[in-house]
Structures are given as C-alpha cells and as structure tokens.
Amino acid sequence: MSSLATSAPTLSPKKKSLAPGQRFVLWVSRIIVWFFILLAMFPIYFVLLASLKGGQSFFSGNLFPRSITLQNYWALLTQTSFLTWMKNSLIVGILLGAVQLAFTATSAYAFSRMRFFGRKYGLMTLLLLQMFPNALAVSAILAVLTQLNLLDNLYIYVLVQAGGSAFNIWLLKGYLDTIPRELDEAAVMDGANSMQIYLRIILPLSVPMLVVIFLFTFIGSFNEFLLGSTILQSPSNYTLPIGLFQFIQGQFAKNWTEFSAAALLAAVPLTVLYAVFQKWIVSGLVAGSVKG
Amino acid sequence: MAMMTATPEVSPAQKKKTRRKNQPVAYLYLGPALISIAILGIAPLLYTVYIAFTNFDMYHFTSYQFVGLQNFIDIINGPYLSVFEPVFVWTIVFAVTTTLANYLVGLFVAVLLNNEHMKESNIYRAILIVPWAVPALITQLSWSNLLNKDYGPINQFLHLFGIHAIPWLTDPFWAKISVLLVNLWLGYPYMMSVSLGALQAVPKDLYEAAQIDGANWWQQFFYVTIPAIWKITIPLIIPSFAFNFNNFNAIYALTQGGPARPDTQFAGYTDILISAAYKMSLTFNKFEIAAALSVMVFILVGVISLIQMKASGAFQEAD
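These protein sequence lines map, in sequence, to chains A and B. No gaps in the numbering here: position 261 of the first sequence is 261 in the working numbering, and each next residue is one more. No gaps in the numbering here: position 193 of the second sequence is 193 in the working numbering, and each next residue is one more.
Honestly, I wouldn't trust all of these hints.
Said to hold, decoys possible - Computed, partial: chain B to chain A, Cβ under 10 Å:
hint : residue
1    : Leu28
2    : Gly31
3    : Pro32
4    : Ile42
5    : Ile75
6    : Phe298
As the list claims (entries may be wrong) - Covered stretches of chain A, as calculated for chain B (at least 3 residues, CB under 8 Å):
hint : segment
7    : 43-54
8    : 117-128
Note that these hints are calculated values from the structure, not bench results. None of the values given here were measured: they were computed from a predicted structure. Where is the CB? At the ideal position from N, CA and C, for every residue including glycine.
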C-alpha cells in the first residue's frame, strides 16, 4: 500500500495524501469516534433539555423543545436551599483541599529525597491500607460520633475525612522525583539545610502538582455521599450531593426538571475545572508508573 | 548510580554508606500526614475490626460483649449466608466487568484517536472526556432519572423507534445492566485518557525500527504498542478494581441497591458489599454485621491488591 503512494508522486502533488488503506482506516475510526461522541453527549443534552423545560416531566418525546424557560433555575435559587448546600460544599471542599496540601507537600518531600526507616515499604503499605476507604468504617465512625454526640456537624464531617492521602503523596513523590537532584546538591554545596532546600527549591517547583492535588481534592469532595448522608442530618447542613439526592428522593420527588437545573449548575463549573486540569493528573499517573 | 563513575575519589563502598544513612529529620516532614492517617484512617479501621468481634447493635449499644467469630460465622455459614452470597457474587461481577470494560473500551478509543492522520483528534478527546469530568455522583443521580421507566427520556427516545419501555431500574436483570452501562459511560474516558498518554509516550524510533525490519501495522501494534502501554496502564488496573469493588456511589446513587429482593430486606439485587454494609449500619443498626462485612472486604481486596502489586512491582521503590 505504501508502495502505491510512493510510486505515483506526480498524481498527488500534496505530500500528505494517504494510501487508500490508510484513508479507509481513518474514516472508519472517525465514524466510530463520532458514535462515541454522540453517546457521550446525548444524556447531557437530555438533562439540559429538562432543565429548560416548563412543567415537571423530563422529556416530551421531542428532541427539540418548542419553548424554553429559565423558571427551573429561578425556582432553584429562590425556593430551595440550593445556595446553602453550595456554600457548605465550598467550605468542605476548600478545607479538605488545604489540609491535603499541607500533609502531601511535606511527606512527599521526605519520600522523594530522604532516607529513613520504613521508606521502602511505607508508601506501599499506606497505599494498600487506603484501598480500604474510610467509608467502609462507617459503622465505627457512626458508633463513635453517636456516643460523643457529634453528629450533624459540618466541621466534624470535614474532620472525619481530613486524613492524609497516600495516593496524593505517591503522585507528588513521582513529580518530585523528576526534579533533578543536582539542584539539591548545588544548594547543599552552598550550605543550605533540608528545610531551606525544601522551602526555596522543592516547594516552589512543585506548585503545579500542588494546584492539581488541591483541585482534585476539592472536586472529589463533591462526590462524597456515604459519610455525608450518615453524619449530616439537618437540611441546613447538607452538602450539595446530599441535597441533590434528597431532591429526587424526598420532598421534591419526581421534580426532575429542577433537579436537572441543579445538576447542571453544580456540574458545569466543576467539569470545566476538571477538564482543564485533568491532563496534569494523567501525566502524573503516567510519570509515576514509568519511573524507576 | 552514574555519579559513581564520575567521582572516582569516593570509593563505591563509601558512597553506598553515605547513601544508606537514615535521616531522622524525615519523620518531622512525615509527622503530620502519618499522625492524621493513624487517627483518622487506621484507628476507625481497628475499631471496625473490634466491633466485628462484638454484638454491638441497637439493642446492645452500651452493654455489648465479645462474641468471638460469631458474626463471621453468621455471614459465612449462618442466617446471613443467603443474604450476602448473591451480594458477594454480584460485587465480584460488577468490579471485574466494570474495570475490564472501562479498560478495553478506553484502550480501543485511544488507539483510534492516536491515528497520526486524524488531525482533529485533540478536539474529539476533549469532548470524550466530559462524562468523566462531570462529578460522578451528579452523573449517577441524573442517570437514575434518565433511566426512569415511565417518564425517563431514554425510554421515550427508544419509543420513537418503536421499542417498548425497558424497566431499566426496576427489573433485577436490567438494573444490573444499567449499573454496568452507566459506569462504563462515565468510567472509560479515564482509561482512554491514560492510554492515550501512554500511546503518545511510545518513542517514535521504535516504530521506525520496526518498519525497517519489515513489520506491518498489526505486528507493530502487538510488538511495540501493546507492550509499551501494558507497562504503563497495568498498575492502574489494580487500584481501579479496588475502587470499583467499593464503589458505593455507583450503586447507591443509581438504584439504592434495588430492586428489592423478595427473600430479604437487608440487601437488594444490585447491592454490593459496601452498600449492604452501609444499609446494615445506617438502616438496620446492625453495626456488628456491617463491621464483619467490612473486615471481609478489606481482607479480600487487600490480598488481591497485594498479590497484584507484588507481581507487577508497581509501587516498589527501585533502589
């Protein structure tokens, strides 16, 4: 096939022209990819339609709406606790992100640059331990919080989740390992101690990955349902996920249109954030796996 | 290592000695994270193990006793066996199917997108990752509406083609299919993204060398591409399996474990072990059974992960 393309250079003045076989593969690939895009977009389109629709049902059997309205969004903001839930979720997400930064930034440095007892298997053990999500300890957490009368408190909800994450440490360690050691060594020559190396060299250079860790913790907090639904009990303390769940389960049952507006309002900013920064996490994962 | 040859005045043995020296200051940097993990991660875990050996339920909230292995016996070979046996089988089926399907579909789409002649593939990629970028819980809750049998848009859309309403979430078989499809829909873009990253990291000269040796496209794919992405993506399959094994949201936000089983109130047809344990403690206040279930999940996932980690050497420090 390639000989066909090279044997007829005069017929195809453009260098880019493809052999018939390659062109066929390309177009088949394109059509399959377009099909996947359709599958990805259709459900989102349905939710968008529902959010712009009058009345309470989801879909009118019509792909293109005859009339659209913002009344669902208006009702959501003025007649429900949506904004309170959003505020609670922001508090939880920002606090958890900040805590994760503090824990990860310091311990990843130790794992990347220092020798100590437990270094070799420590991180692996922690990663293994954390495959047991603290959600599985829900009976223990519920038992303790009930006995101490600490249920239904937003800050207790934050505290329960505020443990360091071995995964984040592993991610940042992989990133720090790519920062050349010559920088540290040069600083040692200049008489810097480990704290100075950390604050002056490592920390500034790890800012990109730290931003990613913060954002992913922040966004991840919007996916937490199990502990939230256990600990937070009054609607004024709900985070967005708990509120959204109640929305379709409880008093607003069957009110799909308002739910759709809420889902979109919550999801769009987070999705944009995630889509912009996901490249970093992927390259972090790839770098982490191939090192060594 | 390369340093050793560059600095001949330091003998290799000496060099080794200084490299091996422990730095106690490391524990200062590790302290905050380790203490928090100990208190908030390991302590609840140990307390769960403790509860699993007691009769700590709502009737014995302040006056519980040790019952030895009774809870485990009740689950493995007692009154709860008939409740949790189907749950256990479904948990395995769900975790394995979801992980493999996400991986294979993700890899497939990544290979399509990696076509060097597809100039616009970056645009496709940006669109295709959207289902993964939306917070999964919101997606799953939305899908529970989309798949509603009577007024969900999916059935109404299928109706346009003359397909009768499918009981997506109310029939045991279709509920399981729905769970798998929804998690494929929102899960494969992650694997696609990682695989694409891995594909683009394959050095171009490997392909050129293969072409010079006369390898065709399939041979290049099997002998150059597959080994290269294998090395990068296999370590991600282990955590993905462990994650799905305990993917509470995937079940609870979509079906709440339902539809209900006629033979038991404790678990529904789509409940996995973690959602069954959640219901056990929150709905039925049977903390001891929930704890015992959790311990069994931990042992199971822990052993599988440990074997796979060891086998792939994924997280071992190359010293």
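Here's how the hints hold up against the structure:
no. : hint    : in the structure
1   : Leu28   : holds, 8 Å
2   : Gly31   : holds, 8 Å
3   : Pro32   : holds, 5 Å
4   : Ile42   : holds, 7 Å
5   : Ile75   : violated, 14 Å
6   : Phe298  : holds, 5 Å
7   : 43-54   : holds (count 6)
8   : 117-128 : holds (count 8)
Hint compliance for this structure: hint 5 is the single one not met.
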